[in-house]
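Asks: The listed protein sequences derive, respectively, from chains A and Y.
Here the first sequence is numbered in the working numbering, starting from 3 and rising by one per residue.
Here the second sequence is numbered in the working numbering, starting from 2 and rising by one per residue.
Just so you know, not all the hints are guaranteed correct.
What the hints assert, rightly or not - With a Cα cut of at most 30 Å, we get these calculated DSS-like pairs of lysine-lysine:
1) Y:K43 x A:K68
2) Y:K2 x A:K43
3) Y:K69 x A:K22
4) A:K68 x Y:K2
Unchecked claim - If you want the ones that stay clear, here's a sample from chain A, every Cβ over 10 Å from chain Y, calculated:
5) G18
6) V21
7) R26
8) Q44
9) E54
10) S56
11) E65
12) F69
13) A74
14) T80
15) S85
16) T116
17) V117
The set of hints was computed from the structure by calculation and includes no laboratory data.
Cβ atoms here follow ideal geometry from the backbone N, Cα and C, with glycine treated the same way.
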Amino acid sequence: GAVVSQHPSWVICKSGTSVKIECRSLDFQATTMFWYRQFPKQSLMLMATSNEGSKATYEQGVEKDKFLINHASLTLSTLTVTSAHPEDSSFYICSAGGERSFDEQFFGPGTRLTVL
Amino acid sequence: KQEVTQIPAALSVPEGENLVLNCSFTDSAIYNLQWFRQDPGKGLTSLLLIQSSQREQTSGRLNASLDKSSGRSTLYIAASQPGDSATYLCAVSQAGTALIFGKGTTLSVSS
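The following block holds chain Y by itself, in its conformation from the complex (with noise of 0.2 Å):
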């Protein structure tokens, strides 16, 4: 059974600080790889898909990566500013197609 670890469970920084999310999985056989972006309350925003014949996927200050070998996967936040305070969800599709997602990481940055 595929299961997806985010590490850490939450995370303070500074404004301007450059931070790393990790997200792990169990089964290698993944079909791809999405960060999303989920405010209190809110819905979930889509940040990067990674299809798994991929490494990396970037989007402005956005850098994911996938190591699908190993498991891994890696959310680089650049510059990182106040409006980044979010929970930040990993999530897996597989055969069967429906995501699988971590527990995600609460980020909040300070100004």
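Bound-form chain A, shown alone (with noise of 0.2 Å):
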């Protein structure tokens, strides 16, 4: 299958510093990649859709000035947790797939976020 990068794989920062996550397909384009959050013990949760060229697409509750999303290219989006806090200490895992809705999503192995 396809390979999906993510880094950092694990960063702590200080409370009200900004964090910036990337996410890449190595061996394929993507003009979508999805980014979730997973909270201890629960499941994934949609975050945003990032469209290569265009604004990102936010769920609702997600605030888009603190989760600065930025597809920049075919094969790069990243992830910038503006002012962090405590409660933005989480598992962020973004994914990728191909141009069509059936195609299987390929998963980053995820960046474990310690906000202090």
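Hints in hand, dock the two standalone chains.
Replies: What follows is the structure, encoded as structure tokens:
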């Protein structure tokens, strides 16, 4: 299957700082990538849909000014958590798939964010 | 709004047992259904993908079935091993493509 990478795999930051997480499709192009968040012992919740060359679409309840998404190329999407707070501590996972709705989604390994 | 439910939430079995994990979804208009495995603190490992036109998929000791009309899928694990211990997630894809996940079944296989 296709490979999706994320960087960093884990990050610890102080409250009030910003953190950037990268999601890359290594061997295929993805016009659409998805960002999920997973709290401990919870399932994955979709945060936003990242579209190459256009603005991201955010799920209800997700602050677009706090979680900045940039899909600058067909292989890279970034999620920036601005002015992070301890409640933003979570596991962030991205996914990418093909052009068609029924294509398999491939997931990155996730990024563990801890805000002190 | 699509909702995905997984039963049971947790399951403990002795090594060697065959077991079934259940997944149900409320809207049958899906494109595909995927089963994933997640180890603690790790990302997702895709196990099986079933397209909406398919009835089942098999990979090694794993077999997943899909009954789209009734909104159900099962993941069958044969001859369970301690290494199978993990959380198993079911997710469906609809128009709009983002996956909608269930809360998972946490499996513990004892030796």
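Asks: Hint by hint, note whether the structure agrees.
Replies: How the hints compare with the structure:
Restraint check for Y:K43 and A:K68: satisfied, since their Cα atoms lie roughly 25 Å apart, inside the 30 Å limit. About 23 Å separates the Cα atoms of Y:K2 and A:K43, which keeps this hinted pair within 30 Å; it holds. Annotation: proposed proximity of Y:K69 to A:K22 is violated, straight-line Cα distance about 39 Å (limit 30 Å). At roughly 26 Å between alpha-carbon atoms, A:K68 and Y:K2 fall within 30 Å of each other, so this suggested pair holds.
Under the 10 Å C-beta cut-off, the non-interface status given to A:G18 relative to chain Y holds; the minimum distance is some 26 Å. For A:V21, the shortest C-beta to C-beta distance to chain Y comes to about 18 Å, beyond the 10 Å cut-off, and the non-interface label holds. Under the 10 Å C-beta cut-off, the non-interface status given to A:R26 relative to chain Y holds; the minimum distance is some 14 Å. Not every C-beta of chain Y lies more than 10 Å from that of A:Q44, the closest at about 7 Å, which undercuts listing it as non-interface.
Its beta-carbon lying about 14 Å from the closest one in chain Y, A:E54 satisfies the requirement of being farther than 10 Å from that chain. With 10 Å as the threshold on Cβ separation, the claim that A:S56 sits away from chain Y holds: the shortest Cβ distance comes to roughly 15 Å. The beta carbon of A:E65 sits about 18 Å from the closest Cβ of chain Y, which is more than 10 Å, so the claim that it is off the interface holds. Every C-beta of chain Y lies more than 10 Å from that of A:F69, the closest at about 15 Å, which supports listing it as non-interface.
With 10 Å as the threshold on Cβ separation, the claim that A:A74 sits away from chain Y holds: the shortest Cβ distance comes to roughly 20 Å. Look at A:T80: its CB is around 18 Å from the nearest CB on chain Y, clear of 10 Å, so calling it non-interface holds up. Distance check for A:S85 against chain Y: the nearest CB is about 26 Å away, which clears 10 Å, and the non-interface claim stands. The non-interface label for A:T116 is consistent with chain Y: the shortest C-beta to C-beta separation is roughly 12 Å, beyond 10 Å.
Once the 10 Å rule is applied to beta carbons, A:V117 is consistent with being away from chain Y; the minimum gap is 17 Å.
In summary, the structure is inconsistent with hints 3, 8 from the numbered list given earlier, while agreeing with the others.
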